[in-house]
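Q: Chains as they are written, first to last, in the working numbering: chain Y, 1 to 169; chain B, 170 to 473.
No lab work stands behind these hints, which were simulated from the structure alone.
Where is the CB? At the ideal position from N, CA and C, for every residue including glycine.
Ranges between beta-carbon positions, derived for each pair: (1) B:Ser215 with Y:Arg88: 26 to 36 angstroms; (2) Y:Val135 with B:Ala245: 26 to 36 angstroms; (3) B:Glu266 with Y:Gly120: 53 to 63 angstroms; (4) Y:Arg162 with B:Ile208: 43 to 53 angstroms.
Some, not all, of what chain B presents toward chain Y, calculated at C-beta under 8 angstroms: (5) Glu210; (6) Phe211; (7) Val213; (8) Leu214; (9) Gln217; (10) Leu233.
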Amino acid sequence: MLGLFLAALLQVVVQRIGSVFDVEVMAGSIDLLLVIVVWIALSSGSVGGQVVGMLAGFLSDGLMGGTFGLYAIADTLVGYLAAVLRQRVVLQRSVLVLMFAAAAAAQVLIVMSLNFLFVGGSEPPSWIAVGSRIVTTAALGGALLAIEGRTRSEWGLWQRRRRSRLRLK
Amino acid sequence: MPASAKAYSGGAVARWTRVGIRQVINDRGSRWLLVILLIFEFGVLSRQLSVDDGTPSRVEQGALGAMAPLAHLVVAVQDGVSGFVARRRREVWLRQENRRLEESVSRLERELLRRQSVELDFQRLAEALRYSRESSQDLQVGDVVFIDHSSARRSLVLFVGGDGASVGQAVVDPRGLVGRVVVIRGGYAKVQLVSDTASAVGAMIERTRRQGVVRGTGPNALSMNYVPRGADVRVGDRIVSAGIDGIYPRGLMLGFVESVGEGTDLFHRIDVRPAVDFGLLDGAYLLPRVELPSVELGETPVSP
Chain Y
1 MLGLFLAALL
11 QVVVQRIGSV
21 FDVEVMAGSI
31 DLLLVIVVWI
41 ALSSGSVGGQ
51 VVGMLAGFLS
61 DGLMGGTFGL
71 YAIADTLVGY
81 LAAVLRQRVV
91 LQRSVLVLMF
101 AAAAAAQVLI
111 VMSLNFLFVG
121 GSEPPSWIAV
131 GSRIVTTAAL
141 GGALLAIEGR
151 TRSEWGLWQR
161 RRRSRLRLK
Chain B
170 MPASAKAYSG
180 GAVARWTRVG
190 IRQVINDRGS
200 RWLLVILLIF
210 EFGVLSRQLS
220 VDDGTPSRVE
230 QGALGAMAPL
240 AHLVVAVQDG
250 VSGFVARRRR
260 EVWLRQENRR
270 LEESVSRLER
280 ELLRRQSVEL
290 DFQRLAEALR
300 YSRESSQDLQ
310 VGDVVFIDHS
320 SARRSLVLFV
330 GGDGASVGQA
340 VVDPRGLVGR
350 VVVIRGGYAK
360 VQLVSDTASA
370 VGAMIERTRR
380 QGVVRGTGPN
390 ALSMNYVPRG
400 ADVRVGDRIV
410 SAGIDGIYPR
420 GLMLGFVESV
430 GEGTDLFHRI
440 DVRPAVDFGL
450 LDGAYLLPRV
460 ELPSVELGET
470 PVSP
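Kindly produce the complete structure, drawing on both the sequences and the hints.
A: Spelled out as structure tokens, the structure:
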């Protein structure tokens, strides 16, 4: 939940920077909430992925200002699918970065489909916006995984040292 | 069965139970959970699409309530940062502006001083020009470089440059007579002031033409001697040079009668206030010396 809160806060910051400096591509290509959804789905499973996906989706809906509920459905599905895929297929950590890219693409596809089905007639996003969103999500996910791996290894090393010290005493 | 084996088997059962529940939730329950969540989300979506009056659902209100404070916080932080940056920039700008203005004020003050000096020079030259026109004489300008105020022998030193000067030349100021040149050295001329106790000027009361001798009696003070007690003298009368001493031409202003008292049995005691304030002198003019015709004693001058 803390990660979700921080992601929402950073997402607001990104949107604000994008609106202040009039960089629409920047605001549209970064979705930190989706990165958090995929990360939690990969690390905690499908239940966590779905719940966090729904919450993050509703937050995105509240932030985006479009039809309310589209991103909630998309992020719930993405969180579930990412967790299921992670359970079914054994993937290296480096390849997991592709999961973030696939999740971004899936989210865009689901939102577009829902838009077409329920709202209708909405203009699809440009290829540049979609591409930059996929690349940015993959890059942010890769960075998050690298930080997580580094933190875990440091934590394990610290715990081993602590145990060895306790044995010596 | 030993107690440790019982505990082991109990712990294993509990662990397997937890793993089983988690597995069920992950495998089957998660699908049901997905279905429930999607139904809920589609419900939210369809309710929004079916309601035409724009009334937001509770979920939408909740999402707004969660995101609005964050947006407010971000905006407040941004405003604080941008305000700080703006204040900092303004402070830097004000410092630079202040430094620039200080330099400008300093430069203008220097310019003002220079112009004041030029204006004083201009006034001095204008007075000299006016005096030259009035006196219709060729004047020689000298700058006062030193004035002796302390000793009884009142004098000043004039720088006359390469024009040279001669002993005995009368020195005047636009306000009146200053003294006469007593020593020449290089471009400098030492002038004996009329207020010097050794100075004597042939003078007369302008109103009555009564003649006498004006002597210096101290700092900025003169006295007129040898005026008979029967002569008409009033306070405020103008005293001018009489042109009878062979040094000073006639009509140069000396001062004003300040007081008239009983002197000796024969003469008045007349105190004269000098027309020239010797403490204010920064320049003076030398009059050309007019040589008197040499007349031998006993010889009768022949009229031309």
